[in-house]
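**Student:** As given, the protein sequences belong to chains A and B, one line each in that order. Once you know that position 31 of the first sequence is 35 in the numbering used here, the rest is easy, because the numbers rise by one and skip nothing. Once you know that position 145 of the second sequence is 621 in the numbering used here, the rest is easy, because the numbers rise by one and skip nothing.
To be clear, the hints were calculated from the coordinates, so they are not data collected in a lab. Heads up, a few of these hints could be off.
Under 8 Å between C-beta atoms, here's a sample of chain B residues computed to sit facing chain A [said to hold, decoys possible]: (1) 502; (2) 585; (3) 602; (4) 607; (5) 622.
Stretch-level coverage of chain A by chain B, calculated; a stretch enters the list once three of its residues show a Cβ under 8 Å from a Cβ in chain B [as the list claims (entries may be wrong)]: (6) 199-207; (7) 326-338.
If you anchor each label on the Cβ, the simulated ranges turn out as follows [as the list claims (entries may be wrong)]: (8) A:252 / B:759: 41 to 51 Å; (9) B:694 / A:354: 49 to 59 Å; (10) B:546 / A:376: 23 to 33 Å; (11) B:697 / A:404: 37 to 47 Å.
Think of the CB as a built atom: it goes at the ideal place given N, C-alpha and C, for glycine as much as any other residue.
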Amino acid sequence: MSARDSGERLWIHGGRVVDPSQGLDGRAQVIVEAGRVAAVGPELERPEGARSIDASGLVVAPGFIDLHVHFREPGGEHKETIASGARAAVAGGFTTVWTMPNTDPPIDDPAAVGFVKAAGEAARGARVMPIGAASIGMKGERMTEIGGLVAAGAVAVSDDGSPVGHAGLMRRLLEYTQSFGIPVVQHSEVVELAAGGVMNEGSIATALGLRGIPNAAEAAMIARDALLSELTGGHLHVCHVSARESVEQLRLARDKGLRVTSEVTPHHLILTDEMVRGYNTEAKVNPPLRTERDVEAVRTALVDGVIDVIATDHAPHHYEEKEREFDDAPFGINGLETAFGLCMKALVAPGHMSLAQLIDRMACAPARIMGMDGGTLRPGAPADIVLLDPDEIWTVKPEGFVSRSHNTPVAGWTLPGRIRRTLVGGETRHEVEEDR
Amino acid sequence: MTAAERETAEETPPPAPLGKDLVGLEGLPGDTIRMILDTAEPFKEISERPIKKVPVLRGKTIVNLFFEPSTRTRISFEFAEKRLGADTVNINSVGSSVSKGESLVDTARNLEAMRIDMVVIRHGSSGAARFLADRIPSNVINAGDGRHEHPTQALLDMLTMRDRLGRIEGLRVCIVGDIVHSRVARSNIFGLRALGAEVGVCGPRSLVPVGIEDLGVRVFGHVDEAIEWADVLNVLRLQLERMDAGFIPSLREYNRVFGVTRVRLEQAPREVVVLHPGPMNRGVEIDSDVADGPQSVILPQVTNGVAVRMAVLYLLAGGRPELAEDAKRGSGG
């Protein structure tokens with residue numbers, strides 16, 4: 005780790021340590037030294053000179069890793085900057101985020117990757133890991149200099165926001181990226197089928213007179229790309245799965261043993277296209293909120309491991325941009341600070357999965373599928389740690405978000421599960437002080 | 477309303493019978509729709525007078541805010557407003573701040589600042605009328621928003637059906653043509669079903685939206701089946717750009733497969749009344765000998781349009797349906 009990591013020695017005690025990467029779930033102490041986990045165990049005494057962090061009543065877990073955020077800098081700083089986004093991330097319990105390259109200009113050359121990385125380090129929030137553009141200008145035509153992007157710090161390539169539509173380019177990307185051990189991250193959508201749609205295709209879109217995006221627009225692209233992954237052996241990572249037919253394609257890919265991984269957002273795990281009624285632009289997101297059947301399918305897929313991880317697709321937008329006619333409002337939901345609570349409500353509270361499983365999908369699995377540091381409290385791992393209260397009920401107040409934007413369809417919802425403290429490299433980067 | 481109820485009602489002025497806005501027919505109870513149609517009846521006669529004006533809306537200011545080109549709907553509203561004595565201003569998207577890129581929310585705030593009483597809005601985006609209605613205290617009437625609703629068109633369609641056939645309840649009404657892009661279709665579906673009609677839609681599946689069955693309609697893939705089933709056909713205009721967008725192969729093909737023709741109507745087991753919201757593409761969705769024939773009520777639709785819009789304006793302004801007869805004589809409202 006680097007010089008910014010705190011050299012302080014910490015003794016985090018009194019909490020319930022839940023670390024699915026080691027099968028830990030029980031009362032234990034965590035000792036941190038020089039920004040890394042030094043030891044985890046039930047009877048660890050306070051080391052000499054160690055600062056004490058009282059975790060009684062709280063769960064101590066590996067910090068969450070979000071493989072999909074939009075921080076809008078450069079070009080959209082009124083929505084979010086790298087700094088505000090990185091701080092919003094730690095407020096949500098995330099210690100690492102992968103930033104999408106669809107900024108203005110897009111992150112399609114090594115200097116731009118270096119800029120994102122440097123701004124992320126300066127922010128003192130979550131660790132910011134840039135995803136580079138897959139094609140120059142994200143135009144879907146020519147491959148970027150992926151070797152240069154990786155050398156500058158890129159962890160993946162993607163044209164997210166738009167799909168890589170050209171099948172030949174997708175094949176080359178899945179081949180070429182193998183030299184660098186990085187995935188191609190795909191916003192899976194056949195644009196000709198999405199056809200300018202603004203919400204889920206179905207009876208609600210029909211009643212509202214809004215153009216619909218069918219499930220097949222997503223599933224057809226996943227099917228194509230899975231075949232290309234099979235052809236090439238490249239690592240395909242599928243963004244924000246929303247449709248039940250997509251789950252079928254992913255299950256097939258898993259059964260074939262392909263290098264296909266995928267993510268689902270908190271909103272697709274709980275919200276449906278009913279939210280759009282009344283032309284609610286806060287519920288305008290791409291892929292769109294689907295039906296209850298789709299929500300059940302992606303939820304089950306996440307529990308079964310057909311979908312690997314939860315990622316927020318954090319997409320901040322200025323309030324003025326959302327206060328428009330539905331057709332003209334931008335797609336996107338501000339997700340970092342509500343992610344854990346929404347997942348608790350969607351998955352743990354109704355008994356679909358345990359808290360440990362949720363922590364696995366938010367922290368351990370992202371590190372596992374991407375072969376990266378973090379997502380564990382094993383000795384030697386970076387001390388990226390979240391302290392959370394799974395029982396605390398809180399109300400979503402967007403005006404209090406750390407994020408620069410407040411666009412969420414769940415304003416006013418009460419959610420179980422609150423992030424209390426987030427440490428990155430042993431340094432406390434977020435802490436909720438009140439009533440403790 | 478019984479006499480006793482009416483007396484009570486006269487003591488304390490009830491809230492405006494139609495609420496603040498008319499954004500759509502979805503969710504409106506059948507009684508409310510019947511009230512609008514009944515209120516339109518006495519207003520029909522005003523347009524037959526030599527002096528076509530009553531002072532029901534004297535002193536009221538109305539803005540006709542048209543973000544899409546429209547001739548007949550705008551003129552129909554304007555006649556309705558003027559015949560009720562309102563002061564009207566037309567804002568068309570060409571030449572106004574609208575075309576300079578002002579947002580709808582800013583337009584709304586400016587209208588509010590000018591203390592407009594009513595706004596009639598036509599807009600290309602579904603939901604735009606609701607958007608405006610939620611943001612200004614003025615009454616808002618939807619004159620067509622995207623593919624969503626065009627409530628006054630459906631009201632005049634229903635008034636015309638009722639005039640011709642004496643009832644709506646139990647009628648079988650089939651809407652024929654480009655359903656997916658049609659706000660007229662949606663308003664007709666919601667309104668007709670609220671009044672107890674059976675509703676069908678007919679068109680090429682590429683122009684019938686997914687999930688339309690969930691709105692309680694049956695879908696016909698062949699116009700002959702629709703004609704055999706229906707008492708009324710409401711034939712929609714086929715926007716010519718649909719052909720370029722690939723929804724149908726050609727206009728000629730459309731007419732061959734889905735056109736409402738004399739030959740097809742002659743196969744019907746009963747007389748089928750034909751409506752069309754206009755403007756017509758003669759020889760495409762409807763043949764001239766049908767449009768101009770005895771089964772057509774296309775011109776009565778236009779006449780009824782003014783009466784229905786007068787009724788809506790009157791009711792939104794707080795006029796009471798049972799007083800409409802007095803109002804038009806100039807003694808009430």
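**Student:** State for each hint whether it applies.
**Tutor:** So, going through the hints one by one against the coordinates:
no.	hint	verdict
1	502	7 Å, holds
2	585	11 Å, violated
3	602	4 Å, holds
4	607	6 Å, holds
5	622	5 Å, holds
6	199-207	holds (count 3)
7	326-338	holds (count 6)
8	A:252 / B:759: 41 to 51 Å	47 Å, holds
9	B:694 / A:354: 49 to 59 Å	38 Å, violated
10	B:546 / A:376: 23 to 33 Å	58 Å, violated
11	B:697 / A:404: 37 to 47 Å	54 Å, violated
Comparing the model with each numbered hint stated earlier shows that hints 2, 9, 10, 11 do not hold.
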